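A.B. asks: Spelled out, the chains give:
There are 2 protein chains.
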Amino acid sequence: MTTISEQDITVEKTQNSKLKDTDFNNLPFGKVFSDHMLISRYKEGSWSIPEVVPYQPITLDPSAKIFHYGQSVFEGMKAYKDDNDDIYLFRPLENCKRLNISSKRLAIPEIPESYFMEGLKKLLKVDQDWIPTTSGSALYIRPFVFASGNGFHASPANEYIFIIATAPSGAYFSGKVTVAIEEKYSRSANGGVGYAKAGGNYAGQFYPTQLAIDKGYNQVIWTDDTTHEYIEEAGAMNIFVRINDTLITAPTSDRILDGITRKSILEIAKKEGINVDVRRISVKEIVEAAKNGSLKEMFGSGTAAVISPISGFGYKNKDYTLPELDDSYANKLKTLITDIQYNRSEDPFNWRTKID
Amino acid sequence: MTTISEQDITVEKTQNSKLKDTDFNNLPFGKVFSDHMLISRYKEGSWSIPEVVPYQPITLDPSAKIFHYGQSVFEGMKAYKDDNDDIYLFRPLENCKRLNISSKRLAIPEIPESYFMEGLKKLLKVDQDWIPTTSGSALYIRPFVFASGNGFHASPANEYIFIIATAPSGAYFSGKVTVAIEEKYSRSANGGVGYAKAGGNYAGQFYPTQLAIDKGYNQVIWTDDTTHEYIEEAGAMNIFVRINDTLITAPTSDRILDGITRKSILEIAKKEGINVDVRRISVKEIVEAAKNGSLKEMFGSGTAAVISPISGFGYKNKDYTLPELDDSYANKLKTLITDIQYNRSEDPFNWRTKID
Chain C
2 MTTISEQDIT VEKTQNSKLK DTDFNNLPFG KVFSDHMLIS RYKEGSWSIP
52 EVVPYQPITL DPSAKIFHYG QSVFEGMKAY KDDNDDIYLF RPLENCKRLN
102 ISSKRLAIPE IPESYFMEGL KKLLKVDQDW IPTTSGSALY IRPFVFASGN
152 GFHASPANEY IFIIATAPSG AYFSGKVTVA IEEKYSRSAN GGVGYAKAGG
202 NYAGQFYPTQ LAIDKGYNQV IWTDDTTHEY IEEAGAMNIF VRINDTLITA
252 PTSDRILDGI TRKSILEIAK KEGINVDVRR ISVKEIVEAA KNGSLKEMFG
302 SGTAAVISPI SGFGYKNKDY TLPELDDSYA NKLKTLITDI QYNRSEDPFN
352 WRTKID
Chain P
2 MTTISEQDIT VEKTQNSKLK DTDFNNLPFG KVFSDHMLIS RYKEGSWSIP
52 EVVPYQPITL DPSAKIFHYG QSVFEGMKAY KDDNDDIYLF RPLENCKRLN
102 ISSKRLAIPE IPESYFMEGL KKLLKVDQDW IPTTSGSALY IRPFVFASGN
152 GFHASPANEY IFIIATAPSG AYFSGKVTVA IEEKYSRSAN GGVGYAKAGG
202 NYAGQFYPTQ LAIDKGYNQV IWTDDTTHEY IEEAGAMNIF VRINDTLITA
252 PTSDRILDGI TRKSILEIAK KEGINVDVRR ISVKEIVEAA KNGSLKEMFG
302 SGTAAVISPI SGFGYKNKDY TLPELDDSYA NKLKTLITDI QYNRSEDPFN
352 WRTKID
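If you're matching them up, the sequences are chains C and P in order.
Quick note on my numbering: the first sequence kicks off at 2 and runs consecutively.
Quick note on my numbering: the second sequence kicks off at 2 and runs consecutively.
Derived from the structure by calculation, the hints contain no laboratory data.
Quantities reported herein were computed from a predicted structural model and do not represent experimental measurements.
Think of the CB as a built atom: it goes at the ideal place given N, C-alpha and C, for glycine as much as any other residue.
It cannot be assumed that every hint is accurate.
[To be verified] Cβ-Cβ distance ranges computed for the label pairs, FRET-style: (1) P:ASN26 x C:LEU212: 22 to 28 Å; (2) P:GLN8 x C:SER254: 26 to 32 Å; (3) C:SER49 x P:ASP24: 31 to 37 Å; (4) C:LEU212 x P:THR11: 35 to 41 Å.
[As the list claims (entries may be wrong)] With a Cα cut of at most 27 Å, we get these calculated BS3-like pairs of lysine-lysine: (5) P:LYS185 x C:LYS98; (6) C:LYS21 x C:LYS32; (7) C:LYS185 x P:LYS98; (8) P:LYS44 x C:LYS216; (9) P:LYS216 x C:LYS44; (10) P:LYS14 x C:LYS32; (11) P:LYS317 x C:LYS105; (12) P:LYS126 x P:LYS19; (13) C:LYS185 x P:LYS105; (14) C:LYS44 x P:LYS19; (15) P:LYS14 x P:LYS271; (16) C:LYS335 x C:LYS32; (17) P:LYS177 x C:LYS185; (18) P:LYS355 x P:LYS98; (19) P:LYS264 x P:LYS177; (20) C:LYS19 x P:LYS126; (21) P:LYS32 x C:LYS105; (22) P:LYS98 x C:LYS44; (23) C:LYS21 x C:LYS126; (24) C:LYS105 x P:LYS216; (25) C:LYS98 x C:LYS44; (26) P:LYS271 x P:LYS297; (27) P:LYS185 x C:LYS105; (28) C:LYS216 x P:LYS105; (29) C:LYS32 x P:LYS105; (30) P:LYS32 x P:LYS271; (31) P:LYS82 x P:LYS272; (32) P:LYS271 x P:LYS317; (33) C:LYS82 x C:LYS317; (34) P:LYS105 x C:LYS317.
[Said to hold, decoys possible] Chain P stretches covered by chain C per the calculated footprint, using a threshold of three residues with CB under 8 Å from any CB of chain C: (35) 51-63; (36) 105-112; (37) 119-131; (38) 153-160; (39) 193-201; (40) 207-213.
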């Protein structure tokens, strides 16, 4: 694969910046888009040198395989500004690697690491004024690849488009999150694509999630598709459970996304002396712990959601409420990880990448 | 839902017909597209009256949810011409119903039946010269729906596009088909979306299928994701196995597509006095039948593939060859079903719909 540097990437600046029209004090999540995007096209066996261009529509043939066969993968990242307006990314190489892991499983050609990393840096410099500084906000970054090649034949496309677009964003969830532990539907199969950030993994969750929302929950915690007895993840979040003073999360597998926030939290928690246990967690264990009072906390983790405390869960038509703790692991870990991300603390793990 | 009739559908004819440039004697599958397409857009809670317009590119925002969350479903159908140039569809209402079953599971709004049926008829009349009459050819019809609404938030879109495009097509498979019985990867989960014609179901098959192709097979027969001991379907085809004189196919489930060709074959076979058994089939049973000579045939069924005889299969690093029979069920059933489709025989099941 070709290696490029930042100066290989051309920039076409927009003539119509939307920056002044954007209310940075009232940012939704992922609905306001920055002025530019990075784009590279895969044709005849290779990716074009990525370019920074104005954020613009994509035109595709109706037979483009993305419309028919769901051949797409994506990533979620954030860029942060500190008090000096310096810009930081959090473990960006992990996202690049995971994008290519996802791509491989979906038969999509991998993107050269320098195209991703140098392209992203160039894009962030061009759109640096789009990175919000309001509390709890960040620039959400969405790298994605999809099949643009044509044909009504269920086989991999011969052309693809890689784009990085960005959106200054506020919180993903507002307020407390309640979850339904799923008893019927499933997110992924053994030997399937659940570990990939593949488009189809998300669409399949929408209907069961809507059923849960109709019952008053915000999200679904998925269980294994064979027995529905063990919790897996929450689709947009990995799940942590605190029983007494032990923090437990399910091991990753071919059904569960290897979350970057998840593994960072595990490292931070260990460093903080928190007892961490990576093992299968049965729903029965969670319900019993809720009943006997040893279930102290549950929370989700993810780039979009950061750390989202769960205030209660439903299972077999019963609702269980979690206590409100003054010394919650969720709050402690959220402070520690966001302090690293926003350059408010030391970075003992070398996770920050400064953009300069 | 609104009910429309054919005259409600406007037609904008192309100024640049590609008809004369098309070689109908050498048609690939699904790569040459007819002059027109049907389109309807879902906005603010309702579908627009469908229109016939020139086949043309689709323009979408980079944040359109189809690129990120795989929210799409499709159907596969064919239009046939008989010796009098009369046009027929085969059980089209079944495709319309299944599209909406798929849509419901993917949280996509259902399309009114008359929009689909009347729209399709209008489109076929406008593009009737695109329906090939060469032997083994038909007009492949691709209805599909995808999320065109915007936003980097993993939730259902608020806007969708429904299109029917068509492609004069030859055979989907050329020559004999060999299959690998899958031992590691899976197509679908219990409680998942395997029964829906959802885009993501197809992309997930590409990589394992490529591994099988690299070993010299054409296709994969998927097995259940829990044990890999029972056969399911082949992704683009349902699978039939003939042991002695009994024709066996797996029952449909939430993991297996309810194939229209599959269920038609079951009815035709019963009428022909063939012993039919719809039950789970273990790989062990197939291997043992291959060894003791009672495995007479295997074949796939689907709209694209029609009936595709399987000449051999691989399992646990061994290859098994199927005999060539003079009186194969596959050939007999293929003749019977295509005779109905092309109006070469009576239609005792009332499956044909004449377009006039």
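A.B. asks: Tell me, in ascending order, the numbers of any earlier hints that this structure violates.
C.D. replies: 1, 2, 10, 15, 17, 20, 22, 30, 32, 33, 37
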